[in-house]
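Asks: Given next are the chains, with one letter for each unit.
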Amino acid sequence: MSTYGARHAPSAFSTPASIALFRRLTWEGTVPLEVRVDPKELPANSNRGLECYFLQAPRVSYLPLLIPEIRSYLLDVVFDEAGGRVVKEEEWWFEREDGGLVKWHWPIGLIYDTHAVSLSASASAPSSSSSAPVPLKLTLHLASPPTDKLLLQPSAEACKQAFMGQLKEADFIRWGNTKRMTGLRKQDQDGLWDGIKEHDFDAYWRIASKITPTPAPLSGGRSPSPSPVPPSSASMVHTRPPDRDAASAVRSVPARIYLPDGPVLQDLVPPGAVRTLGDFLRAHLPLLFPLDRPDRKPLAYALVQGVRCPGDAEMAWLGACMAGADGWVNVCVGVEGA
Amino acid sequence: MTAASPDTRAIPSSWTNADGGKEALEALETYKKKDPSKVVVRFRAIGNAPIMRQNFYKITASNRFQAVIQFLRKELGWKAGDPLYTYINMAFSPAPDDTVSNLFKSFQTDGHLIVNYSTTAAWG
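Going down the list, the protein sequences come from chains V and E.
Position 193 (the first sequence) corresponds to 547 in our numbering; numbering is contiguous.
Position 16 (the second sequence) corresponds to 36 in our numbering; numbering is contiguous.
Here chain V stands alone, though its shape is the one from the complex (with noise of 0.2 Å):
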């Protein structure tokens, strides 16, 4: 699907000014919520009716990390003394309008965007033609949650460790181990955990400019100059040497492909043979992305942090440039007007 008719030589992309340009605009980027406490649930003398609560929330950040926010509108709003005193926020936990469970150990941005997939493979799916973002409707159940189903506890803490883990598991996809990850001093660690907790970008990408790799002008020829790097705060993004952590130097691009109501799929992808996202979705879903018909209405669209993203996009750029906060680049497989 070529709908881009100027090609941008792959470099475009690749200039300092540009990474930091997307890195900013992946880290800025927001989903619209609509969390309705369980009306079962609210404690006696609430004020009803307003136990709905609006928010944009970051694509990087996680609900655990909404609940203070959610609680300090509740408190001051919906809950009487009395009932604040009840609640106890440990047992806080989220459901979906339709009763499905929410991976709440999930980036927000992707619980997002496989709602959005999931509807445009739905037949009550609205007409794709309306543009503005829905809110994501999510229920707030305030106590008994079910551990066994969501696999961890609901709180902060046990966000952090599945988060510690991704970027982890991520480190060992790229370079074959996690010296990268394990060789940050223990509050660098932590500094990207409070990085996001804080939504502040500098604070994040000072450290984990350390473990993601860079984008290295790819077009033929002309060698890079010597980038002149002002020593601001956004420099920092790439001031390491590009060899050794090009972002096409990986082993494999972390990424999994999320369709409509499952299943994940992950695998390696070697940015050298997997080149570009179109590569990657016709090696894996060959009958959505079917290489023998350009003349036809395409089946399926990928969204990379709720953008739908060519097919020509690379893997290394999109590794380096547009994976969440964890390091893995999330493509959300929807369907084409059903």
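Don't take each hint at face value.
For lysine to any residue, the following SDA-like pairs were computed, each having C-alpha atoms within a straight-line distance of at most 25 Å [as the list claims (entries may be wrong)]:
hint, chain 1, residue 1, chain 2, residue 2
1, V, 503, E, 139
2, E, 58, E, 76
3, E, 125, E, 79
4, E, 52, V, 638
5, E, 58, V, 618
6, V, 503, E, 138
7, V, 457, E, 100
Treat the hints as calculated values from the structure; they're not laboratory data.
Since the structure is predicted, the reported quantities are computational estimates derived from the model, not experimental observations.
Mind docking chain E on chain V? Use the hints.
Replies: Coordinates of chain E only, in the frame set by chain V:
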């Protein structure tokens, strides 16, 4: 909402993606089918964790890693609440909802998925 009569809304079928939509949904059904194949999982004890008499098992690839953890707990006779930490390749803890199949494809060593287990946190 008043539905327009189907006749007045008919547009040439080549304009719509009805066939494509059906084809896409059929493709999704195909990809939803569970992989019945099995992969070899090899368990390795770390530190003071008890060693298993048999340490490799064939496990259905479509299982979640959580099923592997539960299987291991059962084999070790662990009670609920007894600490058990599991790792792949002595490097990281996978998400419990990831499938054995995905982990095997990405991290297998000589046809085995190596799962290390420990009673204390070993690799964070």
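Asks: Hints the structure violates: just list their numbers, smallest first.
Replies: When the structure is compared with the hints, none of them turns out to be violated.
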